[in-house]
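Chains U and G, in that order, are what the protein sequence lines are. Here the first sequence is numbered in my numbering, starting from 51 and rising by one per residue. Here the second sequence is numbered in my numbering, starting from 6 and rising by one per residue.
Do not take every clue at face value.
[As the list claims (entries may be wrong)] Restricting the straight-line Cα-Cα distance to at most 20 Å, the calculated cross-link-like pairs of lysine to any residue (SDA-like) are: (1) U:LYS122 <-> U:ASP103; (2) U:LYS136 <-> U:GLU123; (3) U:LYS122 <-> U:GLY104; (4) U:LYS136 <-> G:ASP238; (5) U:LYS122 <-> G:PRO32; (6) U:LYS122 <-> U:ALA271; (7) U:LYS136 <-> G:ARG235; (8) U:LYS122 <-> G:ARG39; (9) U:LYS136 <-> U:ASP116; (10) U:LYS136 <-> U:VAL257; (11) U:LYS122 <-> G:TYR232; (12) U:LYS122 <-> U:GLU145; (13) U:LYS122 <-> G:ARG235; (14) U:LYS122 <-> U:PHE111; (15) U:LYS122 <-> G:VAL29; (16) U:LYS122 <-> G:ALA242; (17) U:LYS122 <-> G:ARG185; (18) U:LYS136 <-> U:PHE111; (19) U:LYS122 <-> G:GLU126; (20) U:LYS136 <-> G:ARG39; (21) U:LYS122 <-> G:PRO239; (22) U:LYS136 <-> U:GLU189; (23) U:LYS122 <-> G:LEU37; (24) U:LYS122 <-> G:LEU100; (25) U:LYS136 <-> U:GLN198; (26) U:LYS122 <-> G:ALA129; (27) U:LYS122 <-> U:ALA95; (28) U:LYS122 <-> G:THR237; (29) U:LYS136 <-> U:THR147; (30) U:LYS136 <-> G:THR237; (31) U:LYS122 <-> G:LEU58; (32) U:LYS136 <-> U:GLU150; (33) U:LYS136 <-> U:ALA271; (34) U:LYS122 <-> G:ASP240; (35) U:LYS122 <-> G:MET36; (36) U:LYS122 <-> U:GLU189; (37) U:LYS122 <-> U:ALA149.
Quick caveat, the hints were computed from the structure, so don't treat them as lab data.
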Amino acid sequence: MRRALLALLLPLTACGAGDGSDGGDDVTLTVYAAASLTATFEQLAEDFEAEHDGVAVELSFGGSADLVTQLKEGAQADVFASAATKNMDDLVSAELTAAEPRDFATNVLEIAVPPGNPAGVTSFQDLAGDLNLVVCAPEVPCGAAAQQVAEAAGVTLAPVSEEQSVTDVLAKVTSGEADAGLVYITDVIAAGGDVEGIEFPEAADVVNTYPIAAVAGSDEADLAQEFVDFVLGETGRSVLQAAGFGQP
Amino acid sequence: MTSQRQVGVPAWIYLPALLGAVLVLLPLVGMLSRVDWASFVDLVTSDSALTALGLSLRTSTVSTLLCVLVGVPMAVVLARTSFSGQGVFRSLVLLPMVLPPVVGGIALLYTFGRRGLLGAELDALGVQVAFSTIAVVLAQTFVSLPFLVVSLEGALRSAGQRYEVVAASLGASPTTVFRRVTLPLVLPGLISGATLAFARSLGEFGATITFAGSLEGTTRTLPLYIYQLRVTDPDAAVAMSLVLVVVAVAVIGFARPGRGTA
């Protein structure tokens, strides 16, 4: 019994010791980023680490609104990159940003359909037809954008499901349950061959802007600002562009 | 119970027991501390909240009935018969209990979804399961069934077969024995098992959101509604969570272990 208990505890203590005395990385920069930035920010974090010796970038992805809630509840982060201006504004009004947020990318909606496009969707108007349409809930940025586009185009959408995030919408499309989903163009590119993207002109009316800012109260304020500048700089631009993001 | 001699427990055992209790109860206190009492009634009686609550109660009731309908025979087969591979069968049937619900949702999707195992057949019948209330009930039944089977099987085993043997020897048919002896004997166990299944259905989230989607009035049950609210309206999310906690406490009181196993 005692030995079993010890065996259980040993990995814990080993883990605890490793965290503190590991000499490899002296500074950890925590970056909170919108879920749609996952692939690009993983790349950017790697590039940033390569340029800065002894710096480890820790990434935490989630819905922008979720992340703001966490920051307001006292989560420690150095940088926040949002998928919508509204969520960044929330953080600014909570006085939790260290500097004026800067816009670093834009994104537009695209229709995602399963490979082969079984429902034969060709335009935004087709989405009002008799098919399984999945969108984001109006409360999250991609859903708000979908609603605005629909209003501007004068199309009434009757989705079979309003999901909490772009990833959930994509999952319903890739599994073939949904005939069409409204997601960002970058999500379609990231999904590779699992979905087909259908561009529509009305998307240009609702451009989503991504702001980034250093978070107030960071222990690494200078480094945080450096990361922000890095994302805004040449490397950031090219990585984001390759993923399908536009420039603000 | 009272006739049993009390054996003292080691004094030190209270400390870890207390720690465990704190671990379970403190988060509830934390949640309570955030309840906005002034607008509590308004928050829990909003149209969306009532729609979600109504859907949750309806679907959970139907899935509990389904659980009873197939779970009672399953428990009887497990408790009263023996066949080779029974142990494996029991483990597999209980799987949803330990499976992450999202895994259950994926399994259901690839079975009843449009491109699933039975997708083409269901389509031919004109039935679309995904994104429908049927999907919610299926998900709830899938995760809740083992709870009913486990507690009823336990009740059947502890009740023993004495009365059944007597009834059979007096000439009662197996169906009569089941109906007149077995069922009344384990009724408390059945009720507590069904209550547990109902509670589990009410709390079902992962399988539902994976398999059924989320649409107000059709598939957005109370837990899905809370999940959505927590970002945009944390006060309402806390208020609705409290409603679920109250329901859960009531259910636990009703299905307390010991009450069921006669």
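Do the hints match the structure? See the list:
1. U:LYS122 <-> U:ASP103: violated, 31 Å
2. U:LYS136 <-> U:GLU123: With a Cα-Cα distance of about 18 Å, the restraint between LYS136 of chain U and GLU123 of chain U holds, given a limit of 20 Å.
3. U:LYS122 <-> U:GLY104: With Cα atoms ~29 Å apart, LYS122 of chain U and GLY104 of chain U exceed 20 Å; violated.
4. U:LYS136 <-> G:ASP238: At roughly 15 Å apart (the allowed maximum being 20 Å), ASP238 of chain G and LYS136 of chain U satisfy the hint.
5. U:LYS122 <-> G:PRO32: holds, 19 Å
6. U:LYS122 <-> U:ALA271: holds, 18 Å
7. U:LYS136 <-> G:ARG235: holds, 17 Å
8. U:LYS122 <-> G:ARG39: holds, 14 Å
9. U:LYS136 <-> U:ASP116: Given pair LYS136 of chain U, ASP116 of chain U holds - Cα atoms ~13 Å apart, limit 20 Å.
10. U:LYS136 <-> U:VAL257: holds, 13 Å
11. U:LYS122 <-> G:TYR232: Within the cut-off at roughly 18 Å; holds.
12. U:LYS122 <-> U:GLU145: Satisfied, since the Cα-Cα distance of roughly 10 Å is no more than 20 Å.
13. U:LYS122 <-> G:ARG235: Answer holds: LYS122 of chain U to ARG235 of chain G is near 13 Å, not above 20 Å.
14. U:LYS122 <-> U:PHE111: Roughly 16 Å between the alpha carbons, so the hint for LYS122 of chain U and PHE111 of chain U holds.
15. U:LYS122 <-> G:VAL29: Violated: LYS122 of chain U and VAL29 of chain G sit about 25 Å apart, past 20 Å.
16. U:LYS122 <-> G:ALA242: Holds: LYS122 of chain U and ALA242 of chain G sit about 16 Å apart, inside 20 Å.
17. U:LYS122 <-> G:ARG185: Violated: LYS122 of chain U and ARG185 of chain G sit about 61 Å apart, past 20 Å.
18. U:LYS136 <-> U:PHE111: holds, 18 Å
19. U:LYS122 <-> G:GLU126: violated, 50 Å
20. U:LYS136 <-> G:ARG39: Between LYS136 of chain U and ARG39 of chain G the Cα gap is close to 24 Å, so the pair fails against 20 Å, i.e. violated.
21. U:LYS122 <-> G:PRO239: Within the cut-off at roughly 12 Å; holds.
22. U:LYS136 <-> U:GLU189: OK: LYS136 of chain U and GLU189 of chain U at ~11 Å, within 20 Å.
23. U:LYS122 <-> G:LEU37: holds, 19 Å
24. U:LYS122 <-> G:LEU100: The given pair, whose Cα atoms are some 39 Å apart, is violated under the 20 Å limit.
25. U:LYS136 <-> U:GLN198: holds, 15 Å
26. U:LYS122 <-> G:ALA129: Given pair LYS122 of chain U, ALA129 of chain G is violated - Cα atoms ~51 Å apart, limit 20 Å.
27. U:LYS122 <-> U:ALA95: Roughly 24 Å between the alpha carbons, so the hint for LYS122 of chain U and ALA95 of chain U is violated.
28. U:LYS122 <-> G:THR237: Distance ~13 Å between LYS122 of chain U and THR237 of chain G Cα, so the pair holds.
29. U:LYS136 <-> U:THR147: Status holds; Cα separation ~14 Å.
30. U:LYS136 <-> G:THR237: The hint holds at about 12 Å.
31. U:LYS122 <-> G:LEU58: Given pair LYS122 of chain U, LEU58 of chain G is violated - Cα atoms ~29 Å apart, limit 20 Å.
32. U:LYS136 <-> U:GLU150: holds, 14 Å
33. U:LYS136 <-> U:ALA271: violated, 24 Å
34. U:LYS122 <-> G:ASP240: holds, 14 Å
35. U:LYS122 <-> G:MET36: With a Cα-Cα distance of about 16 Å, the restraint between LYS122 of chain U and MET36 of chain G holds, given a limit of 20 Å.
36. U:LYS122 <-> U:GLU189: holds, 18 Å
37. U:LYS122 <-> U:ALA149: Distance of about 17 Å is within 20 Å: holds.
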